[in-house]
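Chains as they are written, first to last, in the numbering used here: chain A, -19 to 158; chain B, 8 to 382.
Please keep in mind that the hints were generated in silico from the structure rather than gathered at the bench. All values derive from a computational prediction rather than experimental measurement. Beta carbons are placed, not taken as given, at the ideal position from N, Cα and C, and that holds for glycine. Be aware that a few hints might be false.
What the hints assert, rightly or not - Simulated DEER-style distance windows between Cβ atoms:
id, chain 1, residue 1, chain 2, residue 2, range
1, A, G109, B, D30, 48 to 58 angstroms
2, B, D30, A, S106, 38 to 48 angstroms
3, A, A45, B, V94, 35 to 45 angstroms
4, B, L356, A, E152, 34 to 44 angstroms
Claimed, not checked - One side only, chain A facing chain B, incomplete, derived with CB under 10 angstroms:
id, residue
5, A16
6, F33
7, A103
8, R133
9, S135
10, D156
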Amino acid sequence: MNEAVVETVTLPAAPPSEGFAELYERTFPRVYAYVASLLHDRSAAEDVTAQAFERAYRKRRSYRAARGSMDAWVFGIARNAALDELRKRKRRAKLEGDPEDVHAPAPEDHADMAIRREIVRAALASLDGRERDLIALKFAGGLSNAEIAGVLRMSESNVGTRLHRTITKLREACHDAD
Amino acid sequence: MTQTDVLTAIDEALDAGMATDADPVTRELQELALVLRADSPEPTAAYSEWLDRRVEQGFPRRSSSKPPWWQPLMQPVAAVLLVGVVVLGVAFAAKGLSGPSGDHGSGGSSAASSGSSGASAPSAGGGSIAAESAPDQLSKARSGQGFAPGRADRKIERTFAMELEAPVDEMQHVADQVTAVTYRHGGFVLSSSVSTGDDGSGGDFNLRIPAGEVRPALRDLAALGDVRSQSQTGRDVTPAFVTARDRLRSARAERRSLLRRLEVAATDTEAEALRRRLDIVAAQINGLRGRLHSLRLRTNYAVVTVELLAKNGDGGGAGGGSFGDAAHDAGDILVAAAGIILRVLAVALPLGLIALLGWLVARIFQRRRRESALV
Chain A
-19 MNEAVVETVT
-9 LPAAPPSEGF
1 AELYERTFPR
11 VYAYVASLLH
21 DRSAAEDVTA
31 QAFERAYRKR
41 RSYRAARGSM
51 DAWVFGIARN
61 AALDELRKRK
71 RRAKLEGDPE
81 DVHAPAPEDH
91 ADMAIRREIV
101 RAALASLDGR
111 ERDLIALKFA
121 GGLSNAEIAG
131 VLRMSESNVG
141 TRLHRTITKL
151 REACHDAD
Chain B
8 MTQTDVLTAI
18 DEALDAGMAT
28 DADPVTRELQ
38 ELALVLRADS
48 PEPTAAYSEW
58 LDRRVEQGFP
68 RRSSSKPPWW
78 QPLMQPVAAV
88 LLVGVVVLGV
98 AFAAKGLSGP
108 SGDHGSGGSS
118 AASSGSSGAS
128 APSAGGGSIA
138 AESAPDQLSK
148 ARSGQGFAPG
158 RADRKIERTF
168 AMELEAPVDE
178 MQHVADQVTA
188 VTYRHGGFVL
198 SSSVSTGDDG
208 SGGDFNLRIP
218 AGEVRPALRD
228 LAALGDVRSQ
238 SQTGRDVTPA
248 FVTARDRLRS
258 ARAERRSLLR
268 RLEVAATDTE
278 AEALRRRLDI
288 VAAQINGLRG
298 RLHSLRLRTN
308 YAVVTVELLA
318 KNGDGGGAGG
328 GSFGDAAHDA
338 GDILVAAAGI
348 ILRVLAVALP
358 LGLIALLGWL
368 VARIFQRRRR
378 ESALV
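With the rest of the complex left out, here is chain A (with noise of 0.2 angstroms):
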């Protein structure tokens, strides 16, 4: 592949104590991502990301920092919204049509850049569910390693392990989609 200059999510770092709307403004962009990269349905993980805000603010007293980030927290609670969504979506697939791409082409995109990104599209639907849901965490959440594993429940080098081998499988699958 060659160098590619992208646009990158900024990611701050969450201040020790902060209200729901600043922790809001700063995740509400990646957990879409996430849950739409998940879903692979634009309408839905509208809704799925609605809802997870709502459970979120609701439960926003019941946080404890000692069982991590709150970027980690609102993205479990998200994944749980949207793991439910696709069971519900899996008892119905039969009778439903293929989902809309939540990846709609830029109209600036180059030639050669939407080429690439059709490869990589084709490559990730080579993985399984576990190795799509890492991969979505790290680039479409924007979440750490540390952070992967808290909501994950695994431990941080079990999460590198993991992420490296799937990277690993997914650039071997690009050149096999190439």
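Dock chain B against chain A, hints included.
Same frame as chain A, now just chain B:
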């Protein structure tokens, strides 16, 4: 490169927004990460504005987001469960605390309501009948069966003993009532002693009550205070009674015979011998009559002994007003309260553990079910 180096390089690329690693494979992974980041879905402006407004308004309830049907029932159900646990605990506690005292303090009243009609047969040889528990005996006495069911001509010597508890300040009044009850039922007081004051309060009564009136008399006596204990013994004296009666008949017959022989005595010597024999027989008759009278008295009248005791906590001599008594009472109350709490916990803890276990299992099950969506 190690796994850690690769992941660090990927993070650096994401931070910098470009892939710069010298190693071609690592740089390729960096580029892949950047594509993945850049390809992240973004919310539409309209949706962002809508959700911003909801956040600003504090997520007002939408008409469609009704609470589940069971949610209003949660609080009443929890309250009912809590009350149930407390009631069970208190019931167990009350049962446990009333154990020993329940056998004594409420003996009179329980006996009064007892419907037991069982009866023990008298010993054939006229021996004493074994003492039984107070409620059984009292119920037998009240049912009129006594110690010799079906044998109305049996001569039974009955003895009743009763311990009555009464408050110190009512001791004299209760003592007067014991005497009054005895007279009311045709009995008499053989001996009595009552003491009140700082050295101790109590009393002893030795009563004789007609056998036919024992049942109502005992009931009235039991009503004067709390019956701490009650016992009854019976002794079948029918053989002794029959023997004395037969010997009396024989002695009378002998006296009549001696008198007839005396009328026709031919000599003074013979008459003198008959008179001496008559004196002996007369003495025997007197003795036997006295014995029969005594036996009749003992069987026609029951011996009832009543012991009056100061009620627990009244302290007898102390009067119950000292600091020591107060501390003792406080200790008793604390022990009782601790007992109740312990019993409530004995019920609540296992239930709580079961609930906790159920909650943990439910959580694990829910988590696995959720994760199954990714498979």
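Hints versus structure:
1. Checked against the hint of 48 to 58 angstroms, the C-beta distance between A:G109 and B:D30 comes to roughly 31 angstroms, which is inconsistent with it.
2. Separation of B:D30 from A:S106 is about 25 angstroms and departs from the stated range, judged on CB atoms against 38 to 48 angstroms.
3. At about 41 angstroms, the CB distance of A:A45 to B:V94 agrees with the hint of 35 to 45 angstroms.
4. Take B:L356 and A:E152: their Cβ atoms lie about 56 angstroms apart, and the range 34 to 44 angstroms is violated.
5. Of the supplied interface hints, the one on A:A16 holds, with its beta-carbon coming within about 4 angstroms of a beta-carbon of chain B, less than 10 angstroms.
6. Nearest Cβ of chain B to the Cβ of A:F33: about 7 angstroms, under the 10 angstroms cut. The hint holds.
7. Checking A:A103 against chain B: minimum C-beta separation of about 9 angstroms stays under 10 angstroms; hint holds.
8. Because the smallest distance between the Cβ of A:R133 and any Cβ of chain B comes to about 9 angstroms, under 10 angstroms, the interface hint for this residue holds.
9. Restraint check, A:S135 versus chain B: the minimum CB separation of about 14 angstroms is more than 10 angstroms; hint violated.
10. Violation of the interface hint for A:D156 is found here, the shortest Cβ-Cβ separation to chain B being roughly 14 angstroms, above the 10 angstroms cut-off.
Hints 1, 2, 4, 9 and 10 from the list above are not met by this structure, while the remaining hints are.
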